[in-house]
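Given these sequences and hints, build the entire structure.
Protein chains: 2
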Amino acid sequence: MSRQLKLGAVLMGVGGPGDHDTWRHPEIPGDASVDIRWYAERARQAEAALFDLVFIVDSQFITPDSPPHYLNRLEPLTLLSALAVSTTNIGLVGTLTTSYNSPFNLARRLGSLDLISGGRAGWNVVATGDGGTAANYSRDEHFDYAARYGRALESVRVCQGLWDSYEDDAFPRDVATGRFVDPDKQHRLDHVGEHFSVRGPLNISRSKQGRPVIFQAGDSEEGRDLGASVGEGIFTHAPTVEAGVAFARDIKDRARAKGRNENEIVIMPGVTPWIADTDAEARAAEEHFRNGRDFAKNLAQFGRPFGWHDFGRYDLDAPFPDLGDLGKDSFRTQAERIKQVARDERLTLRQTVQRFTAATPAPFVGTPRTVADRIQEWFEAGALDGLNIHITVPSVFARFTDEVLPILRERGVVRDRYEADTLRGNLGLPIPENVHTAARRRTPVPA
Amino acid sequence: MSRQLKLGAVLMGVGGPGDHDTWRHPEIPGDASVDIRWYAERARQAEAALFDLVFIVDSQFITPDSPPHYLNRLEPLTLLSALAVSTTNIGLVGTLTTSYNSPFNLARRLGSLDLISGGRAGWNVVATGDGGTAANYSRDEHFDYAARYGRALESVRVCQGLWDSYEDDAFPRDVATGRFVDPDKQHRLDHVGEHFSVRGPLNISRSKQGRPVIFQAGDSEEGRDLGASVGEGIFTHAPTVEAGVAFARDIKDRARAKGRNENEIVIMPGVTPWIADTDAEARAAEEHFRNGRDFAKNLAQFGRPFGWHDFGRYDLDAPFPDLGDLGKDSFRTQAERIKQVARDERLTLRQTVQRFTAATPAPFVGTPRTVADRIQEWFEAGALDGLNIHITVPSVFARFTDEVLPILRERGVVRDRYEADTLRGNLGLPIPENVHTAARRRTPVPA
Numbered sequence: 001m002s003r004q005l006k007l008g009a010v011l012m013g014v015g016g017p018g019d020h021d022t023w024r025h026p027e028i029p030g031d032a033s034v035d036i037r038w039y040a041e042r043a044r045q046a047e048a049a050l051f052d053l054v055f056i057v058d059s060q061f062i063t064p065d066s067p068p069h070y071l072n073r074l075e076p077l078t079l080l081s082a083l084a085v086s087t088t089n090i091g092l093v094g095t096l097t098t099s100y101n102s103p104f105n106l107a108r109r110l111g112s113l114d115l116i117s118g119g120r121a122g123w124n125v126v127a128t129g130d131g132g133t134a135a136n137y138s139r140d141e142h143f144d145y146a147a148r149y150g151r152a153l154e155s156v157r158v159c160q161g162l163w164d165s166y167e168d169d170a171f172p173r174d175v176a177t178g179r180f181v182d183p184d185k186q187h188r189l190d191h192v193g194e195h196f197s198v199r200g201p202l203n204i205s206r207s208k209q210g211r212p213v214i215f216q217a218g219d220s221e222e223g224r225d226l227g228a229s230v231g232e233g234i235f236t237h238a239p240t241v242e243a244g245v246a247f248a249r250d251i252k253d254r255a256r257a258k259g260r261n262e263n264e265i266v267i268m269p270g271v272t273p274w275i276a277d278t279d280a281e282a283r284a285a286e287e288h289f290r291n292g293r294d295f296a297k298n299l300a301q302f303g304r305p306f307g308w309h310d311f312g313r314y315d316l317d318a319p320f321p322d323l324g325d326l327g328k329d330s331f332r333t334q335a336e337r338i339k340q341v342a343r344d345e346r347l348t349l350r351q352t353v354q355r356f357t358a359a360t361p362a363p364f365v366g367t368p369r370t371v372a373d374r375i376q377e378w379f380e381a382g383a384l385d386g387l388n389i390h391i392t393v394p395s396v397f398a399r400f401t402d403e404v405l406p407i408l409r410e411r412g413v414v415r416d417r418y419e420a421d422t423l424r425g426n427l428g429l430p431i432p433e434n435v436h437t438a439a440r441r442r443t444p445v446p447a
Numbered sequence: 001m002s003r004q005l006k007l008g009a010v011l012m013g014v015g016g017p018g019d020h021d022t023w024r025h026p027e028i029p030g031d032a033s034v035d036i037r038w039y040a041e042r043a044r045q046a047e048a049a050l051f052d053l054v055f056i057v058d059s060q061f062i063t064p065d066s067p068p069h070y071l072n073r074l075e076p077l078t079l080l081s082a083l084a085v086s087t088t089n090i091g092l093v094g095t096l097t098t099s100y101n102s103p104f105n106l107a108r109r110l111g112s113l114d115l116i117s118g119g120r121a122g123w124n125v126v127a128t129g130d131g132g133t134a135a136n137y138s139r140d141e142h143f144d145y146a147a148r149y150g151r152a153l154e155s156v157r158v159c160q161g162l163w164d165s166y167e168d169d170a171f172p173r174d175v176a177t178g179r180f181v182d183p184d185k186q187h188r189l190d191h192v193g194e195h196f197s198v199r200g201p202l203n204i205s206r207s208k209q210g211r212p213v214i215f216q217a218g219d220s221e222e223g224r225d226l227g228a229s230v231g232e233g234i235f236t237h238a239p240t241v242e243a244g245v246a247f248a249r250d251i252k253d254r255a256r257a258k259g260r261n262e263n264e265i266v267i268m269p270g271v272t273p274w275i276a277d278t279d280a281e282a283r284a285a286e287e288h289f290r291n292g293r294d295f296a297k298n299l300a301q302f303g304r305p306f307g308w309h310d311f312g313r314y315d316l317d318a319p320f321p322d323l324g325d326l327g328k329d330s331f332r333t334q335a336e337r338i339k340q341v342a343r344d345e346r347l348t349l350r351q352t353v354q355r356f357t358a359a360t361p362a363p364f365v366g367t368p369r370t371v372a373d374r375i376q377e378w379f380e381a382g383a384l385d386g387l388n389i390h391i392t393v394p395s396v397f398a399r400f401t402d403e404v405l406p407i408l409r410e411r412g413v414v415r416d417r418y419e420a421d422t423l424r425g426n427l428g429l430p431i432p433e434n435v436h437t438a439a440r441r442r443t444p445v446p447a
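Those protein sequences? They're chains A and B, same order as listed. Taking the working numbering, the leading residue of the first sequence gets 1, the next gets one more, and so forth. Taking the working numbering, the leading residue of the second sequence gets 1, the next gets one more, and so forth.
Just so you know, the hints here were simulated from the structure itself, not pulled from any lab data. Please note: incorrect hints may appear among the correct ones.
To be verified - Here are the simulated DSS-like pairs of lysine-lysine, each with C-alpha atoms no more than 30 Å apart in a straight line:
#1 B:297 / A:185
#2 A:297 / B:185
#3 B:208 / B:185
Below, the structure written as structure tokens:
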């Protein structure tokens, strides 16, 4: 079968129609962000459209000015476990930080979700950009950039090791003899690393997909390196097809240099399609949304990469302020890029905010056929292996599933049935062999 | 309405028929301990019998000799979230340790479960007895006894504070004006304590039961003190009605001394009823089970309170060995009691193991009427407010729900319908007022 486009649905994400004002949309209950029925309905809507996965983002630091869906939200893994028993085939991907979770806990919780869902769990590994989170976890300061990414990589390796605590045939469960476990097939990890020491074994067996799928989204040098090292799915943003191709090439080159098979990495930019009966109508709606956002809210949101810095204190029409290294321990790459552009183009604060908070013109805008054409073009150019669709408003999402997808399906670009009931199976990723089984296979017992 | 007996169901607990050998029972799939369908069926069975709650125990340290259901099990909260959407009225109580979880994470996860379940979450607060757990969490040594209980109490207080981050009317969600949150009703915690500092606010609103219900099970001085300080449900073991009355009296006296209302504490011993068509038959089955356990497995299990000490190294028929203070950082109270009895009664190791691992003769043994009579007697004597029933084998549990409960229902001792769809509502516990709302009520805004 030829390569097919993969599809993710971002539940209660950002950047969709509404954004700060999503909750005011008549189709969306005001408390949707904490209503498990709302999530279950969206997940079933995505599953009916044969999506590969739903994706739950996260944040743990708020002020009264945070966007509404940040203020009150369910913890991603608790939420996904409820969705696991409300769905049958769709993958369940949640954001969990390695800065404020122990790897043993991460491995347990993700391993449990993987068993409960029958092999549909995925983990979006993040290092936490919001420095304010530290104060919720008994720390005066957030971990520095190097420590955050060091912990992230080490946490993933530890979890992968713990998920192999039991070989697949570790439980003979022989009722006649009373032999439940084969002790030779239970393994300690005995990890001692820079950030963690973890003995194991984990008290959870592997699911039928072997291990949860690792996702990653960072765009900094360190983020790309982490993605290339351990990411099996990469979430990103691609403003143009050229940028998408360059990003995908970079990640896959890095991965190959690390000895990985680049075909075992799925690149999935997050997008919001704008669909209308004519291209002009869709473009107008997209522009209206882009220009219609409230400046005060944009200004507050603009502070996020700088550790939610309060930009209300500066003169909006003076040159962009000198911020020193502000942002270095938050979303560093994004903060540095903003400072660079403001400096190079001699922008005022107001111009800088407008530049960076007015969402980039969306690439997938038009009639269903236009959007389908564009997606196919990007897919065939290698700018993406899949799309991560923001699906806040159900009827907007329905236009995508009911009008765009059938066109792509007819062209063979998207599936017409699930190939598998595991996330790995649908994403076309191999089931990793248990490391201990592999070692045993390589070193046969002498005759 | 007069006081009624509360009912909990311990899913995949210990001490039931089978225990080490539960998995060999023909009614129990070998992988039941990781099969979400098995748990969901048991939860629905308990809900059909109008139980107040299901309870999930936990452990995080295993060796190849650990009991089968310890070797491979789902993380309690991940499991309970899946059960939340598979049930409608029954409470969902999970064990989570305060030794190896941050209170902010605990508050988030429990708060999420409370919203997902519509106000049915409960938290069994434990300090972790198995010292070996430390090595899974980057620690050379387990926390000492004082630190463990200090962390436990402080964690509960922090979580309760975080759960009040939003007052109940904090979200006006006024579509016309665009006002989503009332910033005066979002509150930081700014906790700085001996073990934790936590700023808050938590990004989760309160459920309709206000806060998750706090359960506690420790029997040491420190454990009883913790239970009397914050426990709303107390899990315990009561070998005789007199011991049960004394324990309940002690907890309620301590709670009153701390300024609490003793009627807001529900004491629920864990029990396994043995039911047969005649009393003699039930007693014979219970004795057969009690005496039929494998000595080698008992010897391994006997080591647990001493930090899974290997007693296989001693002469079984020599006097009980001098262990010094072994067990002081594990299950200390239990370890000291064993040493004391062995010394006072001059027991050999074999005799001591037999004394403490042969399960105590079960108090609720006989025909359905005998068991119902006995339960009512204990309940009316004040030895218990409820029972926490181990329900490993479905048909054994069905005899309890279908034959014992109808007798108690006819006598008005147990409910004939759910009074509420929250855990607090069914347990008869009040909904705690938000502390900030209470402060506002006490200090009215000057006119």
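Provide an ascending list of the numbers of those earlier hints which the structure does not satisfy.
Nothing - there is no hint that the structure violates, so all of them hold.
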